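4 protein chains.
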Amino acid sequence: MKSKTLPWIFTASCPSVIGTVDVVTRYMAEAENYIDEIHSFDDRESGLFFIRIEFFPQSDDFSEESFSTTFGPRAAEFGMGWELTEPNHRPKVAIMVSKYDHCLNDLLYRFRTNQLNIDVTVIISNHPDLEPLAKWHDIPYYHLPISAETKLEQEAKVIELIEQYDTELVVLARYMQVLSPSMCQYLDGRAINIHHSLLPGFKGARPYHQAWEKGVKMVGATAHYVNNDLDEGPIISQGIQTVSHALYPEDLIAKGQDVERVTLFNAVKCHVEKRVFLNGKRTVIFGG
Amino acid sequence: MKSKTLPWIFTASCPSVIGTVDVVTRYMAEAENYIDEIHSFDDRESGLFFIRIEFFPQSDDFSEESFSTTFGPRAAEFGMGWELTEPNHRPKVAIMVSKYDHCLNDLLYRFRTNQLNIDVTVIISNHPDLEPLAKWHDIPYYHLPISAETKLEQEAKVIELIEQYDTELVVLARYMQVLSPSMCQYLDGRAINIHHSLLPGFKGARPYHQAWEKGVKMVGATAHYVNNDLDEGPIISQGIQTVSHALYPEDLIAKGQDVERVTLFNAVKCHVEKRVFLNGKRTVIFGG
Amino acid sequence: MKSKTLPWIFTASCPSVIGTVDVVTRYMAEAENYIDEIHSFDDRESGLFFIRIEFFPQSDDFSEESFSTTFGPRAAEFGMGWELTEPNHRPKVAIMVSKYDHCLNDLLYRFRTNQLNIDVTVIISNHPDLEPLAKWHDIPYYHLPISAETKLEQEAKVIELIEQYDTELVVLARYMQVLSPSMCQYLDGRAINIHHSLLPGFKGARPYHQAWEKGVKMVGATAHYVNNDLDEGPIISQGIQTVSHALYPEDLIAKGQDVERVTLFNAVKCHVEKRVFLNGKRTVIFGG
Amino acid sequence: MKSKTLPWIFTASCPSVIGTVDVVTRYMAEAENYIDEIHSFDDRESGLFFIRIEFFPQSDDFSEESFSTTFGPRAAEFGMGWELTEPNHRPKVAIMVSKYDHCLNDLLYRFRTNQLNIDVTVIISNHPDLEPLAKWHDIPYYHLPISAETKLEQEAKVIELIEQYDTELVVLARYMQVLSPSMCQYLDGRAINIHHSLLPGFKGARPYHQAWEKGVKMVGATAHYVNNDLDEGPIISQGIQTVSHALYPEDLIAKGQDVERVTLFNAVKCHVEKRVFLNGKRTVIFGG
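Protein chains in written order, with this note's numbering: chain R, 1 to 288; chain G, 1001 to 1288; chain V, 2001 to 2288; chain C, 3001 to 3288.
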């Protein structure tokens, strides 16, 4: 089984009942799909079952269609939602930014060096500043300035671009605009935001200033899915670093950038590798 | 200068002006006190100066009295509050607990093995459960049960005990009682509490349940001085650990105990080694 | 499925071939064992498959015997070694120590408070110092002093005690004696040792002194299975902490104790929870 | 004292005797230099004294010359080596690379965004691959391929470039060539290298492969000064990350890049901020 080729990924979720694992693994064996790794988990509070499998098809008959045709009906009996992700799937990603470039620079670096299996197809900003960085990576950059009056109009254009570029995932890489409710709704479940605090601590504006006021000894960052409730979407990853009395708010802002970019990267990577499952307001993450 | 003897510690604070360092170090040189380590810091927001010095007296004339007589007047010119701590000073510590024993067990272990240079002279609890642990360490244990009706009366007895045992520092090692305002005032500046969350996140009761509800990926603990404002005293130390979706609130409670005890130990150690300075609602900590 | 009862644990390993997962999960479904969590992993270098399952039997017919009778033959077809661990299984543990008590104190605390699901039945030492600690926990303590001349003889007595107390796991909690080859062989696979460095760095004696000489900025500890090759057994867990120039070797020794005890605890916990699998000279650990 | 301007930095070292601190701080007071922060440390093993001061000159007469003229003779009495660094000093840095670009990309990003107060004036490589990255940052790139035959000749050209660009610090940012003894000697004390292991563990080639073989649970990186003894120069900073059984050597290589770049950045930052002092084979680091 010495193989460096990437596996197919199967993910599924449904209510917890006996046989959920068996319906999947039995099918995999019958279809001659070699399983390399399984994680499953039943949340006894939500009563939901989650599973993620990496596998290598061994049969020439394997195809997404045949999988769907043969496995689909079995899954239906369990009310199981499932998804198959091919080894070389690179989701099309739109990145939204303002002026801070540390997260953008990090994502583009990892995209360029294949540390992130994504295809950054478009960058959208309410400021022109980061266009040169986009240019160097040969990625289209759209400057859509936003004022209170133009917000809805500009958000409509953002949505147009997201559609036009066939976007699978939107990453808000320090996009410093409060999204309208309709925009939040549009992005629900398909956008990841990075907030510069350990949510739910220091919600809202200027979290590093809030943290400094409180004299905390650790500051952090939180990557979460966007939903209707600002800064309240399901958390995917968090990171922290220790800070001392000698750091002023502007130092925290500077120092926090490293945690922000790593935390956002971790979240995007988990999402792309299909490790993240929604579980009510919480998430299940099968670590890599 | 090869010496394993412990140093004297000098600490001081005053408004930031030119000459604050010089008035101290010049005196030290004149008095033949060998300085092993200095940390100083000026906070440009509060306009305060802080200094901590470890030194070894070289002169036979050295004594606390002579230090005070000769240095005192110079310090007064700067409005400088200062303190001298002898090498073998072991502050008398009263520990207050309820039923959880992880913090108490840890503090007693470190007291017994001289990792903490303290003298635990009395343990006070609103429950009888931890008396055997106290007994094994030969430390008097007072059981003062508290109800809504008896709170003030019992707190008066606690204060009596604190006085009777000449207590320099009170440690609330998971003492699960809300202190009355008068008790808070009494303890202000001389008591350290451990709270089981990364304050100011998850203030109040059942922080691990709150954290679980939010689906956070990290939980923590905060050691802080007690002041009038519950869970708002100046922070001394914080600790965190990562948690996964597979942990329920009761697991977080269990897992959090390790962070709580280490965080509390760190705070007590910093306090005893005179590394902590109050700076308004914040603290300055000169790391070891 | 709301249950706080502990699950049964099933663990198994065999060569990687198609059907390894299916043979297990199909049986579990047929036998009405509700699976709460699965981890499986195939190591493509060693060509071995590893699986760990937590499950709750739903059928009244469930018993270890019936499991063995019905599943055993199926496993045999895959050359699969497997093990079933009951929910309340508390392995009998013998702890060996010398004079340092930080690891012993930690293990006994966690044993006493049920953080570790073990039964510490005997403590064996080449020094008398830690007997009071054993006494307080009501655990028999055997003092077997060792000199170069008496080593083999005394080791024979140790083995006798291990047998007499029906020991399932031996923990070397800073037992400062080099074991003889025959003793190593006896303990192979059923003893965990804590070494006070990040192995394979600083093997052998006085690792903190070695680390200080090199001016490293981090020191650590390694818990590993005992095997024939001193300090070379398969690693189970490692821990680190940062250190500064201001720490002398004796400070590293003191500071390292916290990492040592946490690292050893983590290893024992993983072992007891059946999360550790031998994979040649390496280990597979299914995280909790 | 509310000032966001950067301070002057004074650093010094000499044998430990009484008065070392006083000679500095008394001068500072007399010369009206406002001290913002002091760290001093006496190493009782090496018998050396180290001090770092941040200060803001308050007198119009302040100049490097006047400082030198008036303080110099006092320092000479203590055999004190000292250095004054102006607030806006940006050392000229030459970066040497091969094909891996993660460290280079990180350093250039931080240079471009002023997180590192340096001036990257030239990039030298034995491969042409990273020229586009240099170009985008408008930094001259020299491709000097090296073979066993041409090593000394090419190293001479490297030295020429280092001189030509007035280089104060050379950073080996994953430069995958063993330096000749003469090159090591030339770089002694003014070059920082990043090694991809927790030195002294896994010295030499392919450290991630070595680490994988041993089944370690943590891998790391070490930034150190270059000296004659390959991989043995004084350590400045180290970083680690946990790894699991599921990672193969190629995964460790990929995952390790994050620790390498952060560890190298930390070392360069400490060096540039004059926080690092040589102390025999070890270093003293006054943290920020």
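No lab work stands behind these hints: they were computed from the structure.
Please read these numbers as outputs of a predicted model, since none were measured by experiment.
Keep in mind that a hint or two might mislead.
Claimed, not checked - Simulated coverage check for chain G against chain R, where a stretch passes if three residues somewhere in it have a Cβ under 8 Å from a Cβ of chain R:
#1 1034 to 1047
#2 1077 to 1084
#3 1244 to 1250
#4 1272 to 1285
Said to hold, decoys possible - A few chain V positions that, by computed beta-carbon distances, are all more than 12 Å from chain R:
#5 Ile2009
#6 Gly2019
#7 Val2023
#8 Glu2032
#9 Tyr2034
#10 Asp2036
#11 Ser2066
#12 Pro2087
#13 Pro2091
#14 His2127
#15 Gln2177
#16 Gln2185
#17 Glu2232
#18 Ile2240
#19 Ile2253
For every residue, glycine included, the Cβ atom is placed at its ideal position computed from N, Cα and C.
Taking the hints in turn, this is what the structure says about them:
1. Look at the stretch 1034 to 1047 of chain G against chain R: 4 of its residues bring a Cβ nearer than 8 Å to a Cβ of that chain, three or more, so the hint holds.
2. Coverage of the stretch 1077 to 1084 of chain G by chain R is violated in this model, with 0 residues showing a Cβ closer than 8 Å to a Cβ of that chain against a need of three.
3. Given as covered by chain R, the stretch 1244 to 1250 of chain G passes the check, having 4 residues with a CB less than 8 Å from a CB of that chain where 3 are the minimum.
4. Proximity of the stretch 1272 to 1285 of chain G to chain R, defined as three or more residues with a beta carbon under 8 Å from a beta carbon of that chain, is established by the 6 residues found.
5. With a cut of 12 Å on Cβ distances, Ile2009/V stays outside the contact zone with chain R, its closest approach being about 14 Å.
6. With 12 Å as the threshold on Cβ separation, the claim that Gly2019/V sits away from chain R is violated: the shortest Cβ distance comes to roughly 5 Å.
7. A beta-carbon of chain R is positioned within 12 Å of the beta-carbon of Val2023/V; the least distance is around 8 Å.
8. Listed as outside the interface, Glu2032/V is inconsistent with that label: its C-beta sits roughly 6 Å from the nearest C-beta of chain R, within the 12 Å cut-off.
9. Against chain R, the non-interface label of Tyr2034/V is violated: not every CB pair exceeds 12 Å, the least being about 5 Å.
10. Its closest Cβ contact with chain R, about 5 Å, brings Asp2036/V to no more than 12 Å, contrary to its assignment away from the interface.
11. Listed as a non-interface residue, Ser2066/V keeps its Cβ farther than 12 Å from every Cβ of chain R; the least gap is roughly 17 Å.
12. At roughly 15 Å from the closest C-beta of chain R, the C-beta of Pro2087/V stays outside 12 Å, upholding its exclusion from the interface.
13. Separation of Pro2091/V from chain R is adequate, the least Cβ-Cβ distance of about 26 Å exceeding the 12 Å criterion.
14. Even its closest Cβ contact with chain R, about 39 Å, leaves His2127/V beyond 12 Å, as expected for a residue assigned away from the interface.
15. The Cβ of Gln2177/V sits about 38 Å from the closest Cβ of chain R, beyond the 12 Å cut-off, so the non-interface label holds.
16. The non-interface label for Gln2185/V is consistent with chain R: the shortest C-beta to C-beta separation is roughly 32 Å, beyond 12 Å.
17. Distance to chain R confirms Glu2232/V as a non-interface residue, since its nearest Cβ pair spans about 26 Å, more than 12 Å.
18. No Cβ of chain R comes within 12 Å of the Cβ of Ile2240/V; the nearest lies about 15 Å off, and the non-interface call holds.
19. Every C-beta of chain R lies more than 12 Å from that of Ile2253/V, the closest at about 24 Å, which supports listing it as non-interface.
Hints 2, 6, 7, 8, 9, 10 from the earlier list are contradicted by this structure; the remaining hints agree with it.
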